[in-house]
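Spelled out from the first residue to the last, the chains are:
Protein chains: 2
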Amino acid sequence: MSTLTDQLLKMEKHNSLFESAVRALPLPVCAAFGNAANPQAVTFANTSRILSTQDSDSVAKSFPNSVGASGNAVLASAGAHPKAAQGKRVAVLFSGGPAAGGHNVVCGLKRVLGPGNTLLGVKPGPKGLIKGQLFEIRDADIDGILNTGGFDYLGTDRTKIKTDAQFNHVRDTCINHKLDAIVVIGGDDSNTNAAVLAEFLFKDVKPDGSGVQVIGVPKTIDGDLQIGDLLPISFGFDTATKIYGEMVGNILQDTRSSLKYWHFIKLMGRSASHVTMEVALQTKPAITLISEEVAAKRQSLSAIVNQIAQTVVARAYQGINHGVVLIPEGLIEFIPEMHDLIAELNDVLAQNAAEFEALHTQARPMFVQNLLSAHNAALLASLPDYLVNMLLAERDSHGNLQVSLIPTEQLLIDMTARAIEDIDAQVPFSAHSHFLGYEGRCGAPTLFDAAYTYNLGLTAGSLILDGRTGYMATVTDLDQGGVPRAIPLTGLLNIERRHGKDEFVIEKALVKMDSPAMQYFVSRRADWAAEDRFCSPGPRQLWGSVANQMPMSVALNSGAQSLMFRIG
Amino acid sequence: MSTLTDQLLKMEKHNSLFESAVRALPLPVCAAFGNAANPQAVTFANTSRILSTQDSDSVAKSFPNSVGASGNAVLASAGAHPKAAQGKRVAVLFSGGPAAGGHNVVCGLKRVLGPGNTLLGVKPGPKGLIKGQLFEIRDADIDGILNTGGFDYLGTDRTKIKTDAQFNHVRDTCINHKLDAIVVIGGDDSNTNAAVLAEFLFKDVKPDGSGVQVIGVPKTIDGDLQIGDLLPISFGFDTATKIYGEMVGNILQDTRSSLKYWHFIKLMGRSASHVTMEVALQTKPAITLISEEVAAKRQSLSAIVNQIAQTVVARAYQGINHGVVLIPEGLIEFIPEMHDLIAELNDVLAQNAAEFEALHTQARPMFVQNLLSAHNAALLASLPDYLVNMLLAERDSHGNLQVSLIPTEQLLIDMTARAIEDIDAQVPFSAHSHFLGYEGRCGAPTLFDAAYTYNLGLTAGSLILDGRTGYMATVTDLDQGGVPRAIPLTGLLNIERRHGKDEFVIEKALVKMDSPAMQYFVSRRADWAAEDRFCSPGPRQLWGSVANQMPMSVALNSGAQSLMFRIG
Chain A
1470 MSTLTDQLLK
1480 MEKHNSLFES
1490 AVRALPLPVC
1500 AAFGNAANPQ
1510 AVTFANTSRI
1520 LSTQDSDSVA
1530 KSFPNSVGAS
1540 GNAVLASAGA
1550 HPKAAQGKRV
1560 AVLFSGGPAA
1570 GGHNVVCGLK
1580 RVLGPGNTLL
1590 GVKPGPKGLI
1600 KGQLFEIRDA
1610 DIDGILNTGG
1620 FDYLGTDRTK
1630 IKTDAQFNHV
1640 RDTCINHKLD
1650 AIVVIGGDDS
1660 NTNAAVLAEF
1670 LFKDVKPDGS
1680 GVQVIGVPKT
1690 IDGDLQIGDL
1700 LPISFGFDTA
1710 TKIYGEMVGN
1720 ILQDTRSSLK
1730 YWHFIKLMGR
1740 SASHVTMEVA
1750 LQTKPAITLI
1760 SEEVAAKRQS
1770 LSAIVNQIAQ
1780 TVVARAYQGI
1790 NHGVVLIPEG
1800 LIEFIPEMHD
1810 LIAELNDVLA
1820 QNAAEFEALH
1830 TQARPMFVQN
1840 LLSAHNAALL
1850 ASLPDYLVNM
1860 LLAERDSHGN
1870 LQVSLIPTEQ
1880 LLIDMTARAI
1890 EDIDAQVPFS
1900 AHSHFLGYEG
1910 RCGAPTLFDA
1920 AYTYNLGLTA
1930 GSLILDGRTG
1940 YMATVTDLDQ
1950 GGVPRAIPLT
1960 GLLNIERRHG
1970 KDEFVIEKAL
1980 VKMDSPAMQY
1990 FVSRRADWAA
2000 EDRFCSPGPR
2010 QLWGSVANQM
2020 PMSVALNSGA
2030 QSLMFRIG
Chain B
1470 MSTLTDQLLK
1480 MEKHNSLFES
1490 AVRALPLPVC
1500 AAFGNAANPQ
1510 AVTFANTSRI
1520 LSTQDSDSVA
1530 KSFPNSVGAS
1540 GNAVLASAGA
1550 HPKAAQGKRV
1560 AVLFSGGPAA
1570 GGHNVVCGLK
1580 RVLGPGNTLL
1590 GVKPGPKGLI
1600 KGQLFEIRDA
1610 DIDGILNTGG
1620 FDYLGTDRTK
1630 IKTDAQFNHV
1640 RDTCINHKLD
1650 AIVVIGGDDS
1660 NTNAAVLAEF
1670 LFKDVKPDGS
1680 GVQVIGVPKT
1690 IDGDLQIGDL
1700 LPISFGFDTA
1710 TKIYGEMVGN
1720 ILQDTRSSLK
1730 YWHFIKLMGR
1740 SASHVTMEVA
1750 LQTKPAITLI
1760 SEEVAAKRQS
1770 LSAIVNQIAQ
1780 TVVARAYQGI
1790 NHGVVLIPEG
1800 LIEFIPEMHD
1810 LIAELNDVLA
1820 QNAAEFEALH
1830 TQARPMFVQN
1840 LLSAHNAALL
1850 ASLPDYLVNM
1860 LLAERDSHGN
1870 LQVSLIPTEQ
1880 LLIDMTARAI
1890 EDIDAQVPFS
1900 AHSHFLGYEG
1910 RCGAPTLFDA
1920 AYTYNLGLTA
1930 GSLILDGRTG
1940 YMATVTDLDQ
1950 GGVPRAIPLT
1960 GLLNIERRHG
1970 KDEFVIEKAL
1980 VKMDSPAMQY
1990 FVSRRADWAA
2000 EDRFCSPGPR
2010 QLWGSVANQM
2020 PMSVALNSGA
2030 QSLMFRIG
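These protein sequences, in sequence, are chains A and B. For the first sequence, our numbering begins at 1470 and goes up steadily by one. For the second sequence, our numbering begins at 1470 and goes up steadily by one.
Treat the hints with care, as some may be off.
Where chains are identical, the list cannot tell them apart; a pair therefore holds if satisfied intra-copy or between any two copies.
[To be verified] Once the Cα atoms are required to be at most 30 Å apart in a straight line, the calculated BS3-like pairs of lysine-lysine come out as: (1) Lys1672 / Lys1552; (2) Lys1729 / Lys1629; (3) Lys1631 / Lys1729; (4) Lys1981 / Lys1970; (5) Lys1596 / Lys1729.
Simulated from the structure, these hints should not be mistaken for lab results.
Only chain A is shown next, with the shape it has when bound in the complex:
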């Protein structure tokens, strides 16, 4: 057998040359944790910063234990822990969609808990916690997953713990596995769930009457879990946007090489446009739509399309018959008229379900037209047939339209083509559509995400050893060494009407019109539309001089002096 074949056989099961090399990458730690080779737990102290929302009173009533204990005060690390707990049994789980860096949270947790405590993995996600599927995580496991992407070490799922039976199953798991703490790695909904769980498990779980601690860790590629300077960004955002940024950069380069195509690229990110904003800042395409701006300016679909068409035509007159349009996944729902149309359609279809179902597909649009208010009927009539069919056909189990299934990128291409014909039929317009999504959730973490998540794990573990519950771990000042902190989850809760009843939620952070990132984007976009000024950000590097970049939007919004993050 040849040397090469031997080498290839060894490269199966997460042993690509890249994966083997990144496992050996040294990671920096915040000064508070001491030496990077042997990080130590820190203790925490209240800061003068107290968090509140408009619903704080209701929250205090519903979460008396948690709010009573934390006073909703933000914590900051206060030096090496003088007497960190020993013998604790800590469970860790992923919740929701994967994001790069999750494995390093587990690694940081294991490292700071050390041999004196036990770390248990939950498989997979909240469902595994309900079912009590836990196993002990060993040091050797950690060596295998350090700096690798995905959530595949534990798996994940989207179960929301909400029924009494589910809460009791979790309590049983805590008792059966003698747990002292649970770490939930997840997004806004998962951290809301962590807050509820922290209150539920606050006391009377263990034989001595004490409770089980719950700590959240902020994850989501969407970037909609941001809390000003306390949480500059959730983990996974940097990796996802750098993956999409490279692909968009490659396609931009292709447009200027092939000289004949427009590419309409929809980017994952649910409601908020953070992902699209970040990718635009990295790549500088001709056109970028920001959902929050569309809503703020109350733009109509035809106004958006016209704006794109005008840019295509203006560039064609300069001899540029190519370009890229970036589209946030959630755009459709942010267009006020589409939002209204979808809402009325949901009502009309629910109220006339039987009659509607009995009709032949071709007869349905007219039937609905007659039931809609005049302006919505007119809007529906102006849309292409396939979109009308989609608007009428696809409802989820709650009777809502599944907006994510609407091919906004293709819709905009079709409508733009028509609009260009109206302006100047001689202008060539040949377009391709893309949706970048799954490719970005499980890539190998950037150095930023790798270091950030490792320190989030060290912080979460320290909070547990410090006896805290109901907090979200965070690391702030990412361009100045990094400071471990903790955010009281109850200080973030609002009341929102969902499925017909009031629920506590952590509000999704949307792109703010007055944020430095938005303002920088607005100041540059006319130039980017007028001529090719794009960049190719390239594949993310783990070695070399460009490896230490943080997201541009995060650097702008946090007032950083440079694009380079610095932890330690």
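For chain A, the structure is supplied; the task is to place chain B on it using the hints.
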């Protein structure tokens, strides 16, 4: 204005931190070119290797000048050039789809031509050559494009120079711009075109009766321009497959994290399955289809679908409800029964065009059914409606089906879902489809492609200074320092029937069943299907210990001892 904003403003127009850093990456050169800091032209000598095809006699008759001069002998570098030509005016152009590394060919050319000769860029592609759109390339231009992706410095197009008028226009361009040589950077068709051009321009172009030299450079991400040990791979293949490999690795990681999806991923690459094979070797997915194997085994569409369904079911019985299926772009045409059906459809539709066009869309399938032979009628009836409509609807200007428009990935998902229901309706099957294409053509070149293309440029320039014409530049022995060589283009030509007449072509290289890469793949695939053994190859690195990888299939097929390339 803040420091950060200043930094961001400087990062427009190809000045991302990555692009700025890669421009400074040192590139190795083959020992034959001397010192990397100041590479020198080499001279060439005939080797004993004479190339021939079954159509060599016809080629010799049609290309008397070229064959007479080269004798179809392969050339090898024969030391530093004792007296390289001075004062030459050389034009360079891109032809066909972009591929990573094209800019470095231009850089290598400019470097080896030196200040004593003039390099002119043609904008864009063959169309620019016909129109005479040339400009002088300066040293400063080269500094700006070194190691960057895409063809955007010159642009490209797909014009094939074939009419007498076009050939005469090219001759006029040569005369008007006082050209001594043309370098065509392109794929199999473009190099065929280069051979024809070399013969046409062999003499009587310049006032002294001499001709204009033509040199080809082997480009294509598809990898179908390979000539055994003389041309282990075309440039751009490594970068494209590493981009697709990262995306597929990310998605594989996602499948094992989310634990509920199958992803069917179609990969660009036209007819041949080299791209798919390479990505499979890198990532080890559960299922990979190789078009050439389907053809060799005469597999039917339903046999392919059944094989996929059986694997999905077998994995489900092991508790694995996820996986990845890789599909080469050209699959459909390699399925013998589909190939036959499409061929008969093309005939039937051409012969009954008027009647067919007059029918309502819904009546067309039945009309065609009745005209087809029994087995093709039965096959057509077994296909989903949208595929039938597609097979009947889309013809290109030559009356041929546009196979690349068929969403094979979605077709296989739909048919697999039905096949699984027949086997065991309890098996869950939720699938997503992807097509990876444009993302891979214009990415920043890997170190392999960057170094390889720079040396191809040095080789092409040396051939010109050595007075050669009608050759394709190549660099062999890529794991052992690299040797500049030249392949006589006429030695590669075959006669193929295209559009009803005989044409000279360079045959596309397909995946060979007995190649080491195919055999290695066959030896491993059952294990990859049985359980998750995948790899995440990660983003391609330009710095660090993993930066020097060559394609796995190329390493296997060329008998390399390791995955690491070595030039210089």
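Exercise. Taking the numbered hints from earlier one at a time, note which ones the structure violates and give those numbers from smallest to largest.
Key: Checked against the structure, no hint fails, so every one of them is satisfied.
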